[in-house]
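Peer 1: One-letter residues, chain by chain:
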Amino acid sequence: MIKIAVYGKGGIGKSTTVSNLAAAFADKGLKVMQIGCDPKADSTFSLHGTKDVKTVLDLIREKKNKFELEEMVHIGYKGVICVEAGGPTPGLGCAGRGIIAALDKLKEKGAYEKYAPDIVLYDVLGDVVCGGFSMPMRGGYSDKIFIITSGENMAIHAAANIAVALENFQGRGYASLGGLILNRRNVKDEEKKVEELCGDIHTGIIGTLSRSETVTDAEDLGKTVIEAFPDSEMAQEYRKLAEDILRTCED
Amino acid sequence: MLRKVNGQEVDIRPILIKDCSFPSPFPAGLEFSSPARGTWNIAHQGMLIPEAHEIFVCAASCLRGVVLTAYEMKAEKRFSTVAVEEQNLLEGNMEDLIIDGVSDIIDQLSPKPPCVLVYTSCVHHFCGCDLEMVYRELRSRYPDIDFTDCYMNPIMRKSGRTPDQIMRSRFYSLLKPREILPGSVAFIGNDFSMEKDSTLYKALSLSGKTIFELTECKTYEEYQQMAQAEYYIADYPSAKVAGEDLSERLGGKFLYLPFTFSYDEIRKNVEKLSSVLSIVKPDFEKEVGICEQALQEAYLKIGDTPIAIDYTAFTRPLGLARLLLTHGFQVKRIYVDAFIGEEKDDFDFLSEKYPELEIWPTLSAQMRFAADHEKTDYLCIGQKAAHFNTAPHFVNICENGGFYGYQAITGLCRLMLEAKENEKDIRTLISKKAWRCESCI
Chain Z
1 MIKIAVYGKG GIGKSTTVSN LAAAFADKGL KVMQIGCDPK ADSTFSLHGT
51 KDVKTVLDLI REKKNKFELE EMVHIGYKGV ICVEAGGPTP GLGCAGRGII
101 AALDKLKEKG AYEKYAPDIV LYDVLGDVVC GGFSMPMRGG YSDKIFIITS
151 GENMAIHAAA NIAVALENFQ GRGYASLGGL ILNRRNVKDE EKKVEELCGD
201 IHTGIIGTLS RSETVTDAED LGKTVIEAFP DSEMAQEYRK LAEDILRTCE
251 D
Chain U
1 MLRKVNGQEV DIRPILIKDC SFPSPFPAGL EFSSPARGTW NIAHQGMLIP
51 EAHEIFVCAA SCLRGVVLTA YEMKAEKRFS TVAVEEQNLL EGNMEDLIID
101 GVSDIIDQLS PKPPCVLVYT SCVHHFCGCD LEMVYRELRS RYPDIDFTDC
151 YMNPIMRKSG RTPDQIMRSR FYSLLKPREI LPGSVAFIGN DFSMEKDSTL
201 YKALSLSGKT IFELTECKTY EEYQQMAQAE YYIADYPSAK VAGEDLSERL
251 GGKFLYLPFT FSYDEIRKNV EKLSSVLSIV KPDFEKEVGI CEQALQEAYL
301 KIGDTPIAID YTAFTRPLGL ARLLLTHGFQ VKRIYVDAFI GEEKDDFDFL
351 SEKYPELEIW PTLSAQMRFA ADHEKTDYLC IGQKAAHFNT APHFVNICEN
401 GGFYGYQAIT GLCRLMLEAK ENEKDIRTLI SKKAWRCESC I
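Chains as they are written, first to last, in this note's numbering: chain Z, 1 to 251; chain U, 1 to 441.
Since the hints were derived computationally from the structure, they do not count as laboratory data. These figures come from a predicted structure and were not determined experimentally. Glycine residues also receive a C-beta, built at the ideal position from the N, C-alpha and C atoms. Check before you lean on any hint, since a few could be wrong.
Quick list of the computed label-pair ranges, beta carbon to beta carbon [what the hints assert, rightly or not]:
1. Z:ALA116 - U:GLU248: 14 to 24 angstroms
2. U:LEU363 - Z:GLU62: 20 to 30 angstroms
3. Z:MET1 - U:PRO111: 36 to 46 angstroms
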C-alpha cells in the first residue's frame with residue numbers, strides 16, 4: 001500500500017490535483033482511497049458528484065460510535081473510495097482535533113484492512129497550523145509528503161512551513177518529503193522562486209501543472225479533468241504527475 | 001441550597017423502577033462526585049502489578065486525586081508525576097516532555113523498576129500526541145524496562161472503551177508469551193483475590209488446577225508467570241475486554257463467567273467451565289439448599305429492616321435486589337446511575353413484581369444533599385448507599401469483593417448479619433479505602 005499526503009496553502013488546488021491523481025491511478029486499475037482532511041468536506045466531490053456527503057465527524061457527532069465503516073465512505077469514479085473527515089462547528093470547534101478524531105475512527109473501524117487500497121491519498125488543508133494537521137505525516141498514515149505550491153509568496157511561505165514541520169519530525173519515523181508540485185499561477189519568475197524554495201528545503205520539483213481553463217471547465221461539470229476531458233493536454237499532465245509520484249514512492 | 005437557575009429548589013427524589021427507562025434511567029447533566037467512591041481508581045489498580053512504577057503525565061491540578069491515593073496506599077515511592085504546562089502546548093513539545101520527564105524519573109530511581117506504567121491524560125488525547133512514537137523511544141532508551149500505556153482521560157469516560165475497561169486490559173499488557181501450563185487458569189481483571197471458598201475457585205482448586213491471580217502476585221516474575229495460563233476467566237463486566245485482548249495476544253482460551261446472584265446462571269457458568277476444563281463440579285442442589293438456609297437465617301434476624309444497595313458493592317445490584325426481595329427482605333432503594341445489559345431480565349422482573357422499588361442516582365447534582373440528614377436505620381450494601389443514607393449498619397464491600405457463585409450468597413448473608421449487629425464508622429471507612437488502610441476492603 002502506497003500512502004501519500006498532499007499539503008499546501010488553502011486554495012492552491014490540492015483537492016483538484018489529488019482528485020485528478022486519484023482518477024489517474026484508478027484508470028491504471030489501482031484501488032484508490034482518497035481522504036479529504038478539510039472541514040469544507042469537498043475534497044472528493046469531483047469524484048462522486050454528491051453534495052452534502054456525511055463526513056466522519058458528522059457521523060461521530062450524530063451517532064457517537066454507533067455507525068458502520070460503510071457509512072463513512074462514498075464510492076466515486078472507477079471505485080475510488082472517498083472519505084471526508086469533515087470539520088467542527090464553525091467558529092467553535094477545533095479543526096485539528098477533528099482530523100485526529102476522523103483518522104482515529106477510520107483506523108478503529110478497520111478501513112485500511114477492509115478496503116485494502118493500493119494507494120491512499122490524504123488531501124490535507126493548508127498549512128500545518130497545529131498537531132492535528134501533522135497527523136497524516138505520521139508513520140502508519142503516510143510514507144511520502146508532496147507539497148503543492150505556486151510562485152505566489154503566500155504559497156511558498158506555506159510550503160516552507162510544511163517542510164519545517166516535516167524536518168521537526170525527523171527521527172520519529174514519519175513520512176519523508178517526496179517533492180514539490182508546481183501548480184502554475186503564471187506569476188513573475190515563478191519557476192525560479194519555487195526552485196529557490198527547493199534549494200532551501202532540500203527537495204525538487206516532482207511535477208508541474210499548467211494553469212488551464214480545462215480544470216475550471218471540469219469543475220463546472222462536477223468532475224475531474226481525467227473523467228470529463230480524458231483526451232485533453234491537462235489530463236495528460238495529471239497522468240504524467242501520477243506516474244512521477246508513483247516512481248518517487250517506489251524509489 | 002442548590003437551586004436551579006429559575007430559583008426552584010432541587011428536588012431530591014428517586015424514580016420508581018416501574019417508571020425507569022433501561023439502561024439509562026436518569027438524564028445526563030451536572031454531576032456530583034460522592035465522597036464515597038466505593039470502587040478502586042486507576043492509581044490503586046496500577047499498583048496491583050508488583051514492583052511497577054506509575055508515572056502520571058498531566059496538568060498539576062489534575063493530579064490531586066491520584067497523588068492522595070498513592071500516599072493513602074503508602075505507595076508514594078512507586079509513584080511519580082510529570083506536570084504539563086501551557087508552554088508545552090504552545091511549543092508543541094508534548095511528546096518530548098513525556099519522553100524526557102519519564103527518563104528523568106527513571107534515571108533517579110534505584111533500583112530500576114521492571115515495568116513502568118505511563119498515564120497520559122486528556123490533553124494528550126486532544127493534541128493527538130504521537131504516543132506510539134513516545135513508547136517506541138522509551139523502550140529504545142530502557143530496553144530492560146517494560147512500558148505500558150495507561151490513561152487518566154475523563155473525556156473517554158462515556159465513549160468507546162471506558163477508562164476502567166482500558167485499565168483492566170492494561171494490567172495484562174506486559175505479560176510476555178511463555179510455555180503454557182496445561183489446564184492452568186488465570187482470573188482476569190479483578191481488583192480483589194477470589195475467595196478460596198468461592199464456587200469457581202473451589203471447583204478449580206479441588207480439581208488440582210493451577211490458578212493465577214494478579215492480586216496474589218508478590219513479584220514481577222510471579223506476575224509474568226500468569227502468561228503460562230491456558231485459560232483466562234473474567235467475572236467482572238469491565239474485565240471482559242481484558243480477557244478478549246489477552247486471548248488475542250497470547251492465545252489462551254477466554255471464558256466470561258459473569259458474577260451473578262441467580263442460581264440458574266451460576267449453574268450455567270459452572271457447566272460452561274466444565275465443558276472446556278475437567279473440574280469437580282459442586283453438588284448444585286446441595287449448594288442451593290445451603291444458600292436458601294443462609295437467606296432464611298439472615299431474614300430471621302434482619303426481618304423488615306429497610307435495605308439499600310449500591311452498584312459499587314456488586315456488579316448485579318438488580319440481581320441482588322431480586323434475590324433478597326424474593327426471600328422476604330425489604331429492599332427499598334437501589335443506587336445506580338445506569339444498568340448494565342446483563343441485568344435486563346432482573347430489571348423486567350423487578351419492574352413487574354416490585355414496581356415501587358426506588359432507583360436513586362449517585363451522580364446527579366442533587367445527590368450532594370442526599371446525605372444531609374440524621375442517621376437512618378437502613379441496612380446498606382455498599383459504601384455509596386451507606387453514605388447517602390447515613391447508615392452505620394452497612395456491608396463494606398466493593399466490586400464483588402472476591403465473592404463468586406453460591407459462596408457470594410452465603411458470604412453476603414454473613415456480612416449482612418454482621419452489619420445488622422454492629423455499627424461501622426462510615427466516615428473513616430469511606431475516606432480511607434485502599435490497601436494497608438483501615439478499611440482494606
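Peer 1: Determine for every hint whether it applies to the structure shown.
Peer 2: How the hints compare with the structure:
Evaluation of the 14 to 24 angstroms hint for Z:ALA116 and U:GLU248 yields a pass: the beta carbon distance comes to about 21 angstroms. Distance hint for U:LEU363 and Z:GLU62: a CB-CB separation of about 25 angstroms, consistent with the stated range 20 to 30 angstroms. Distance hint check for Z:MET1 and U:PRO111: the Cβ-Cβ separation is about 45 angstroms, which falls inside the suggested range of 36 to 46 angstroms.
This entry satisfies every hint, going by the numbered hints stated previously.
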